[in-house]
Every structure is written in structure tokens, then in C-alpha cells.
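If you're matching them up, the sequences are chains Y and Z in order. Position 234, counted from 1, in the first sequence is what the numbering used here calls 234; the numbers after and before it change by one each time, with no gaps. Position in the second sequence (from 1) plus 1000 gives the number in the numbering used here.
To be clear, the hints were calculated from the coordinates, so they are not data collected in a lab. Note that beta-carbon positions come from the ideal geometry of N, C-alpha and C, so glycine has one too.
If you want a taste of the chain Z side facing chain Y, the calculated C-beta under 10 Å gives, among others: (1) GLY1197; (2) GLU1415; (3) GLY1417; (4) GLY1434.
Rough simulated footprint, nothing fancy, chain Y against chain Z, three-plus residues with beta-carbon under 8 Å: (5) 1095 to 1104; (6) 1186 to 1192; (7) 1212 to 1224; (8) 1235 to 1243; (9) 1339 to 1353; (10) 1368 to 1377; (11) 1399 to 1412.
Number of protein chains: 2
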Amino acid sequence: MDQHIIQEFINIVGEKNVKMTTAQLLAYSYDATANYQALPDCVLSPRNTEEVSEIVKICNEHKIPIVPRGSGSNLAAGTVPNSGGVVLLFNHMNKIVDFDKENLTITVQPGVITADICSFVEKENLFYPPDPSSMKISTIGGNICENSGGLRGLKYGVTKDYVKGLTAVLPNGEILKTGGKLAKDVAGYDLTALLVGSEGTLAVITEIILKLVPLPKTKMTGIAYFNSLEASAKTVSSIIANKIIPVTLEFLDKKTIEAVEQFMKIGLSTEVEAMLIFEQDGDLAAVEHDVNEMTRIANENGAIFTKIANDEAEADKLKTARRVALSALSRLRPTTILEDATVPRSEIAKMVNKIDEIAKKYNLSIATFGHAGDGNLHPTCVTDVRDQDELNRVELAFSEIFEEALLLGGTITGEHGVGEMKAPYLEWKIGEAGLNIMKGIKKAFDPNNIMNPGKVFAKETKKRVVLQSVR
Amino acid sequence: MDQHIIQEFINIVGEKNVKMTTAQLLAYSYDATANYQALPDCVLSPRNTEEVSEIVKICNEHKIPIVPRGSGSNLAAGTVPNSGGVVLLFNHMNKIVDFDKENLTITVQPGVITADICSFVEKENLFYPPDPSSMKISTIGGNICENSGGLRGLKYGVTKDYVKGLTAVLPNGEILKTGGKLAKDVAGYDLTALLVGSEGTLAVITEIILKLVPLPKTKMTGIAYFNSLEASAKTVSSIIANKIIPVTLEFLDKKTIEAVEQFMKIGLSTEVEAMLIFEQDGDLAAVEHDVNEMTRIANENGAIFTKIANDEAEADKLKTARRVALSALSRLRPTTILEDATVPRSEIAKMVNKIDEIAKKYNLSIATFGHAGDGNLHPTCVTDVRDQDELNRVELAFSEIFEEALLLGGTITGEHGVGEMKAPYLEWKIGEAGLNIMKGIKKAFDPNNIMNPGKVFAKETKKRVVLQSVR
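Between the sequences and the hints, there should be enough to build the whole structure, so can you do that?
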């Protein structure tokens, strides 16, 4: 990168907010996705929207890539600077700007940690529901860019359902304000919704107005073990068919349970083929009713063991298996690849069976857990990136898993995003017409392709195996 | 229109689905918006997505405008064919395609009447919450295009919150499928959200997957009268600050109440300056608690009369004033112009006072009622379109009302849409940067500008009076 341009960056953000050493560049060359890495040219920490705008103008003039980055916890290589350029950090833009109890909104800068928003508003008996598993380290800016989901998605929706307004710097440096503290706004196209989940490819988001809801008064947790996958899936469907929408409804398969038991020795029987963990929140009477009903439904569908927690400590204990699932699996092999193929909830049993078949076919170890209530599964492959032969089989296996998800009416990604990793599969979900429209939108925002280039859109779509004969 | 092109349309949809007589064209020359009218060249009733695609291809080739039209109940001149061309009707595409109780979705064609969806799913104890006042005549396709709101917006959100997937015909005739029966999907930009509320300017929507929720077990209604506007506004804020989110929280001002009393003689006192109608739904205990609390809060804030309905018949009676508000006002003068300037709910009292001032300044009669809980007000001017001098004053007054709404952090339209009527004001809300981005998106979809041209985007933005000095 031209020394002259670096001097311009220094003039904007100050010397100490420009990182350039090899060690510093290395630290921002990867994210939480296995097997993706590339060095940026420099790392900048702007202090406000105006500084972001100045940086973006320079990048646009010189066609320098910009990669906005929160905590780098994403799982689709969305923040790897694969074309070099500038990594933008939000470590200085981490303030809560406004908390409005009358309009039930909180206005934050992108660098605020998601969990900090939750604990901040909970002191006032308010609630920010989206809870990606990474929420203790992820930033809200990252959540906005990825439209992050979480465990509570079934009842409360995902990040996009709580974004009411944005300030964003467009690729030409102009500052755009969308929405507001309003409950209703139909003035033109919904640019707020378009920017949420756009993975940093359309604009740099610099301020966010979030919607809050009243904090539920109470919550209760229960679990159920099953000796067949189908029984657990039937329980999930039956809960919803009984008009119960629990706040979480989590699923663990046999392989995940085995890994957890090896790790934690919590006494799970090996005859357990599947486990459900369910939680309801709200007013006490309704919560008790729903949790009792879910237990009854599980028993009716052949659960071999059910339990309702008597208090929060016991609830925490019951939830251990889900909480440690990823850590337990990660212990088994050097590399863990966590995916998020998603299907309509009616198709969960079929999908989990297919994943098992595909794992056997490619001689891989794939365990599955995830959000059963919303069909958002996390097939997790434990492998070793140093074994190129195995890694090739992993890629083939996940290709087939994505394909099966689509054939069941699902999608290639429920909550992780496309990034670089899934870009070659995007057309499978949205078709050529959809891909062309998305490219047109990208071009309307970013004609010089400076905003997180190489993400969402791939040079080439992967060949379809079965899909092409079905569509 | 070229006879050759008409023959092509006849070949696609059949002779009886092409309307061409002057009487037929006149019937589709206007919608529910006062003072806008233009004749189309022909009116087509396609029978399926493929026929829509064929029609669109011909229109794109010959640059013929297409105006998709549901029941024409919109209030922003969104379906007036102001550039001639083809009006597309959905009277044949009015089927419920799929009802999925396991995934809680219903798939419908655009011509289905909104209220019919509600009553259809209620038989199965499910609920489609969006309830625009026009729902007994409006189509779901129209609701999708306008992102319609309604009375239940505060608790349940608006149309966009219930759209999970769309089939749409793009301006080049390609068929796009977005989303699905999924709870979570982050595969690329959110085209579903972009198409909802795009007012027919991006694509023709031909199939819709809607999300359903369990039908609330019970509901209760209360009212409160106030002898000051501020007391009613403080009650609204205080209800929310007490963490109660009622299903509806409606407001009527003195002029609306007077018109209702003249019309219905329901015994409203003339000292009443404002009225709130509130409703809660859910489990009985929670509903009773919330309605009692809202009554207590109203009394604490100086209500001069409060009442809780004992049963559904009494609830209907209490809701009479809100139900007949528009009809009562419409009786006063030949023309009624219903607007929907919207503010954050904390600003309602200020906004209503400003509306009164502006009405006095321009010597007009403007009554205000609306959805107090979400700040979505309906200032309603009773006037006479034949009086050009008065109509000029109406335009000036509404310009000032939009400006005041924006200065209070609000928007020019909360639920009616931009259409032709508000296009000159759109830039006031979204700025030049936002307008340019929206135009870029429009161009990416529709380079020949055939999809509902002359809507959303105006030839010229109205001059700002106060705004320009503030921004």
C-alpha cells in the first residue's frame, strides 16, 4: 500500500489507530472459520462515523478493499481479507449512545458486545432477545452484518427483527440514515432490512437503533431423552402442533451426546439416541402450563426419560449438555467444522438421517445438534485440516448436506452467513435470477467492489449433483 | 396499444381475461386516493405465474407499463395507471395453495382477501395478526406490496414480519423464489424484505408464504376518556413504561369524537378531549392483569372515565367510536383525505398539537385518530376536491405535517406507502443518498422502468420549509 495513502489514513484516525506490523496484520488475517487466511495491508480503528466516511472515500478513490470486522467470530470466512486492503475495527466505536425507555429502543455503536446490550437493558427489566452462541464475544455490528440467529429464534426471531434504524457509510462515503425509533415506516424500499445480513458488502454500519421488549417475568426448563431420532422429531412437531412456541427447543443427536458424556460424565445412557432441551418464558402460569405440556407430549411420543428443573441452578445443569456440545466435539479431533444447513422443522428427522448416511458414505465423523424448533441444525464435522484427503471428503459431504437441505425445502445457511465459504453454493438456493438481482444490488451500492470483495458472490457456482435434475 | 400486442395478451390469458372497453378501463383508472385518475390501455387477469411471466416479457420488450392491482384500496395513489399501460388483476389468482400446520405457514396467491386468510386459519386456532383497516376488502398481494400495518402493529408487527417467502416475476420475465417455510435463512441479501413494501415497482408477486402464530386464548377491551390531550399521551407512554405491550392502543382526538357523537349518538361528553381504546390478548390471567393495569394507569394520569368490557358484545360497543371514526368524518364534507404521518410514540402529544396548529393556520378541518401505541397517527382532512383554493391549502398543510413528523424523528408514511402522492416527499425522510440508492436498486431490477412507473420516485422533490435548515 502506497505510503502516501497510509499517511492520509494516519491524518484521519491518528498514528496509534493504524496497525501495520506483520504481527498486527497476522492477527487480523483469519476469523473463526477453519482453513481460511489472508493478510490485510493495514488495520484501522476509526473513532466516529465521519472518520469512517473519510476512510471509505479514500478507499473508493483508490479501489482499496474494506473489510469491516467485529470480533471475527463468524463461521463463513466473512471477515478474512482475501483481497488485502483495509480491515476496519470498531474498538473505539463501542458506546451505548441512547437508551429510550419510552420508545423501548437502545441506540448503539457497532463495537458494543452483544451480551453487554442484554445485561444493560435487563437491569431495566427490558430484553434484547437475539442470542447467537457467540454473544459473549461477538459485536452487535457483526450480528447486524450476519443477521445472527440464536437459540431463541423460534419464539423471538433473529437479529433483523430487532433492527429499527441504521446509520451507514455508503461506498462513496455518503452517510445514509434509515428507519428510526418508529414502529412503522414504509417510506420507500426497506434499506434497513437490506443492510442487515449484507455481510459488509454494501456499506459500513456505524450506528444501530435496536428494538427492545419487556423482560419475561419467569422461565422454566425441561429435558427429554429418546431412544429413537424419529421419536424426538415427532415430539418437536407435536409441540408446535399443540400451539406451544417455546423460547428454545434444542436437539442433540447420539454422537453429540456420546462426546458430551465422554467429556463431562453427566451420566447419559448410551442407549440415548436423541435429546431435547426445552425452555419457556413469560408469565408463571403460562410457563408452567407449557413446560408441563411439553413434558407430557415427549412422554406420549416415547421419551425414555423426562425432567423439569425445579430452579435455575438445576436448569443450568440440565442445559449443560447443549452448552458444552461444541467444546466436547472439539476435543475429539484437531479441527471442528460447524455448519448450519437448515430445513423446515417438519423435516428434521429426515435431515439428521441423511447427514448420518452422508457421513458414513464419506467415512467422516459428523455429529448434529442445533435449534430443532426452527429447523436450524448444526452438523459438526471433527476432522484435521492437515489431512488434505479427508478435507476433500469433508467438502464433498457438506456439498451433499446443503443439497439435501435444499431438496427438503431448506437453505444452505440458517444463521452463519454466506461469506467466502458458502459463496459457491449461493445460487443453489436463490437461482440464477436471484443471483443476478443480488449482483445488481451490489453494483448499485458499490460499483468499484470495494466493500468486503470476494464474499457472498463466488467466481463460480459449484456443480449441482442432484439438484439440477430436480429443479 | 398496438392490436398486435393485444392479440398476444389474448393468446396468453384468453379473450375474456382482457378488458378493453371504456367502461372497463374507467373502473381501473382510480383507487381509494382522492383526486388521482388515469386510464390504463388494457386490464389483464392472468391465471398463474407462468402467464404473468409471459405478459411481463411482452411488456418489457415493448416498454409497456405494468400496474399490479389488488382491490385498489390503497391511499397513496399507488395503483393509478398514471402512465397508461397494463393493469394486472389477480381475481383468478385467489387460492390458498397450502396450509402447513406443522411448520405454521400458509401459502397463498396474491388475490386472496386478507380477512379470508384470518378466518381460514382461526378455525385451526392459528392467527395471522396484520389487520389493516381495509382487510375485509384488501388482497394479501396488495398488503405485501404496501407492507400494510394495522391496529395490532404495536404487539404483533406489520405485514413484513409475517412474510417468509415469495414467488415473484422479475421485469425480464424470470421467476424468482425467495425464502421458504424456514424460520432462519441468511443466504444472500434479504430479497423477501426488499420486495415487501416495494409497491409493485420491482416485481410482480405471484405467491406468498406467510407465517402464522397460535391464536391467543382470550382478549379484553377497555376505554378511557380524558379532558386533555396530554393526559392521554402520558397514559400511552406510561403503559409502555410499565412494560405492558397491548395488542391495540388506539387514540381519538376531540374532533373525531365530536364527529362520532354527531353520527352515532353514543353519549360521549363534549368535555372529552381525547379517548383511548385498549385491548390485550393472550392467556386469561395475563390479559386481566394488563387490562386492569392499563385502566389504573389511565386513572392515575387523570382519565375522567374508564370502563372495561365484560364480554365481547360490550367490547364491540366500546370499540364503536374507533370503528366508525372514518365514516363519521367522511359524512362532514364531500372529500376525506386520510394521512399517516408517524412519530415515535413519545412524541404523540406534540404531534397532535402541531396538527391542530397547522389546521388553524390554513383554516382547515383536520381530525386525528390512529394507532397511539406505535405513533402511527391518521390526521384526516375533510374537504372538497372541487374547491381548488382549499385543496392548495390542504397540500400546504400536509407538507407541514410531514415536516413536523420528520422533525420529531418520524416518517412521512407509517403504513400507507409512498405511491404517486408522497413521492415528492420521500427524499425528506431518506435524504439524497438514500434516494439515489433506491433508484439504483430500482434500475437493477427494472432497467426499462416498466414496473408501476411514476410511483415512489418523483420527478422533483418538494422544497423543504424548515427541514433544510435543521439537517
